[in-house]
Amino acid sequence: MTTVAQKMLQTCNKLFFRKTQNDVSEGHPSNIETAAQMDNIQHLSSPPNPCVEAAREHIHHVEAVMERAHHGGGWLLSGIICINILILGCALVSGSAFNSVAITAVHRQIFLIILLLLTMLWMLFYTVVTCRKDQAVLFKDSHAGPVWLRAGLVLFGLLSLLMDIFKIATYVGYLHCDSAVKVAFPVVQAVFLFVQTYFLWIHAKDCVQLHTNFTRCGLTLTLSTNLVVWMAAVTEESLHQTEIPELNVNVSHKMYRASYGEKKCKCNLSACDTFKEAFYYLYPFNIEYSLFASAMAYVMWKNVGRLVENHSHPHAKFSPKEVCVGPLTGILLVVAGLVTFIIYEMDILEEDEGNRNRALLIHFIMNIVIVSLMSLSTLIGCIIYRLDHREHVSEKNPTRSLDVGLLVGASMGQFIISYFSIVALVATGARGYLNALNLSWAVLTVLQLGLQNYFIIEGLNREPFHVMQEAALHTNACASQEHAELSTVMEINTSSYYLTVSKNKPSWKRRVLKEVCAFLLLANIILWIMPAFGARPQFDHPIEIKFYKFTMWAAIVNIGLPFGIFYRMHSVASLFEVYLIS
Numbered sequence: 001m002t003t004v005a006q007k008m009l010q011t012c013n014k015l016f017f018r019k020t021q022n023d024v025s026e027g028h029p030s031n032i033e034t035a036a037q038m039d040n041i042q043h044l045s046s047p048p049n050p051c052v053e054a055a056r057e058h059i060h061h062v063e064a065v066m067e068r069a070h071h072g073g074g075w076l077l078s079g080i081i082c083i084n085i086l087i088l089g090c091a092l093v094s095g096s097a098f099n100s101v102a103i104t105a106v107h108r109q110i111f112l113i114i115l116l117l118l119t120m121l122w123m124l125f126y127t128v129v130t131c132r133k134d135q136a137v138l139f140k141d142s143h144a145g146p147v148w149l150r151a152g153l154v155l156f157g158l159l160s161l162l163m164d165i166f167k168i169a170t171y172v173g174y175l176h177c178d179s180a181v182k183v184a185f186p187v188v189q190a191v192f193l194f195v196q197t198y199f200l201w202i203h204a205k206d207c208v209q210l211h212t213n214f215t216r217c218g219l220t221l222t223l224s225t226n227l228v229v230w231m232a233a234v235t236e237e238s239l240h241q242t243e244i245p246e247l248n249v250n251v252s253h254k255m256y257r258a259s260y261g262e263k264k265c266k267c268n269l270s271a272c273d274t275f276k277e278a279f280y281y282l283y284p285f286n287i288e289y290s291l292f293a294s295a296m297a298y299v300m301w302k303n304v305g306r307l308v309e310n311h312s313h314p315h316a317k318f319s320p321k322e323v324c325v326g327p328l329t330g331i332l333l334v335v336a337g338l339v340t341f342i343i344y345e346m347d348i349l350e351e352d353e354g355n356r357n358r359a360l361l362i363h364f365i366m367n368i369v370i371v372s373l374m375s376l377s378t379l380i381g382c383i384i385y386r387l388d389h390r391e392h393v394s395e396k397n398p399t400r401s402l403d404v405g406l407l408v409g410a411s412m413g414q415f416i417i418s419y420f421s422i423v424a425l426v427a428t429g430a431r432g433y434l435n436a437l438n439l440s441w442a443v444l445t446v447l448q449l450g451l452q453n454y455f456i457i458e459g460l461n462r463e464p465f466h467v468m469q470e471a472a473l474h475t476n477a478c479a480s481q482e483h484a485e486l487s488t489v490m491e492i493n494t495s496s497y498y499l500t501v502s503k504n505k506p507s508w509k510r511r512v513l514k515e516v517c518a519f520l521l522l523a524n525i526i527l528w529i530m531p532a533f534g535a536r537p538q539f540d541h542p543i544e545i546k547f548y549k550f551t552m553w554a555a556i557v558n559i560g561l562p563f564g565i566f567y568r569m570h571s572v573a574s575l576f577e578v579y580l581i582s
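Numbering-wise, the working numbering puts 77 at position 77 of the sequence shown, and it's gapless, one number per residue.
Derived by calculation from the structure, the hints in this document are not laboratory data. Please note that a few of the clues may not be correct.
Unchecked claim - Label-pair restraints from in silico Cβ distances: (1) CYS90 <-> VAL147: 30 to 36 Å; (2) VAL195 <-> ALA271: 26 to 32 Å; (3) MET412 <-> LEU434: 44 to 50 Å; (4) TYR433 <-> VAL195: 50 to 56 Å; (5) ILE114 <-> ASN355: 44 to 50 Å; (6) LEU124 <-> GLU353: 18 to 24 Å; (7) ARG431 <-> TYR198: 31 to 37 Å; (8) ILE342 <-> CYS90: 34 to 40 Å; (9) LYS546 <-> LYS396: 47 to 53 Å; (10) ILE80 <-> THR127: 22 to 28 Å; (11) TRP148 <-> GLY429: 46 to 52 Å; (12) GLU345 <-> LYS546: 21 to 27 Å; (13) ALA271 <-> VAL106: 20 to 26 Å.
Stated by the list, open to error - Computed list of lysine-lysine pairs in BS3-like fashion (alpha-carbon distance at most 25 Å, straight line): (14) LYS396 <-> LYS140; (15) LYS276 <-> LYS182; (16) LYS276 <-> LYS264.
In this text the structure is predicted, and so the values were computed from the model without any measurement. We put the beta carbon where it would ideally sit given N, CA and C, even for glycine.
Could you put the whole structure together from the sequences, leaning on the hints where they help?
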């Protein structure tokens, strides 16, 4: 069927889409793009031709048939594998979180070791066997795995490797009384980090055309393995930050630092406590690494068997000289946030209630200032979008679709926590200045999340400024060759908007958008740092615990907060992408 479809497509091209030698040498546009360009010219100059319309319908039909032919049963099989691994991993991770259950951390780590080894074996097979065959990787997705995303993956991978080294040094001290699996797991994970980072750096853009079913299954194995590792890391971090208070006793001022395993097992190394504390502070980077790798594996899975255009897309260049106010304001906000976060972490551990209330007061005020400034700047950016006349992107792009889905899905975690806090605070009357500040923070957070989601999604779906300039110039040039008198009118209408934007001197709209993106990027970084490294005002301020009771509130926070933390880091990546195309 694929051969027949390709012959039909070639015949249609020969009949209806003849190119000159100059057209071929300049842009190498795809058949669909050429049809769209001719459609625009013919629509302006002559009535529609039934023969041409029929040819276009054939092209779209052929494209759909070829895409379905590449799908096969591998999509269903790989999806089933992914779902089963995720459900089994979730059950093991959840079961091992409670000491009273027969499933222990050792059982969970054995399962993870098996997943990591299987994933590494498939990656080696893909690199050594599949990619070396002729016609294996005919296309590259220019949108997938940009260099800044892969650089972030490498950075988080190095910090995760350092975490594994600290884990090995810690667990070696428990070998005389605990399982050797706890040493084996970080060793295997360290090797996995190296193999996977190399694999994703080299092959993130691949649109593989051979061994498609096996490749899809391997990629869903990679995806599910990273997600199970993420679930295990989030669970360990949550247990580390949360301990259940005794019944009939007020909640301790810091749900802090769960102990290592059985208290009877003592470490025989003097540096155990230091290493243990160090690797817990590196957990946020390991969590982000797993999510970055999962997203890249998903895009590769979507690109298996995909036929993309041969010509490369123009890439925007990062130029920090174009902005000034946004980065400076953002840096000041990050510094102020770090200072208040350090004060909060120091004072919240003290027994004096006055110091704890002061720490909460500083933390609430700092967060209110941050989300208020973010809401204001995002609102300015949304107004600029209303004044902007760039077209929306119509090209199929799995990376952009994933970015939007993750952005909206991850924001649900912070939405849940904020709305539960609003209900508890309003129901109890929000008496006292701490409760009033907490309520204000929750309401402003809901507003900021909604505005930021709209701003990022709208920015990701707009055509880049440099693409619109080149498209305008190319359209005018093509039209002038066919219809001289029509091109004059088109040039006047198009140039009035697009050609006023210079690459060397951006328009005021571009500058404002870049300033907003730079400020929001830095603001999201500080909002990621504070909860990722231990700020838990949800437990330190007891109003929600008294209203919902500890068990329910702990479940809400420990489920919603990891998604909220990921939302901030994913927003940083998305805002950087919006900055580049603005």
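Index of numbered hints that the structure contradicts, given in increasing order
3, 6, 7
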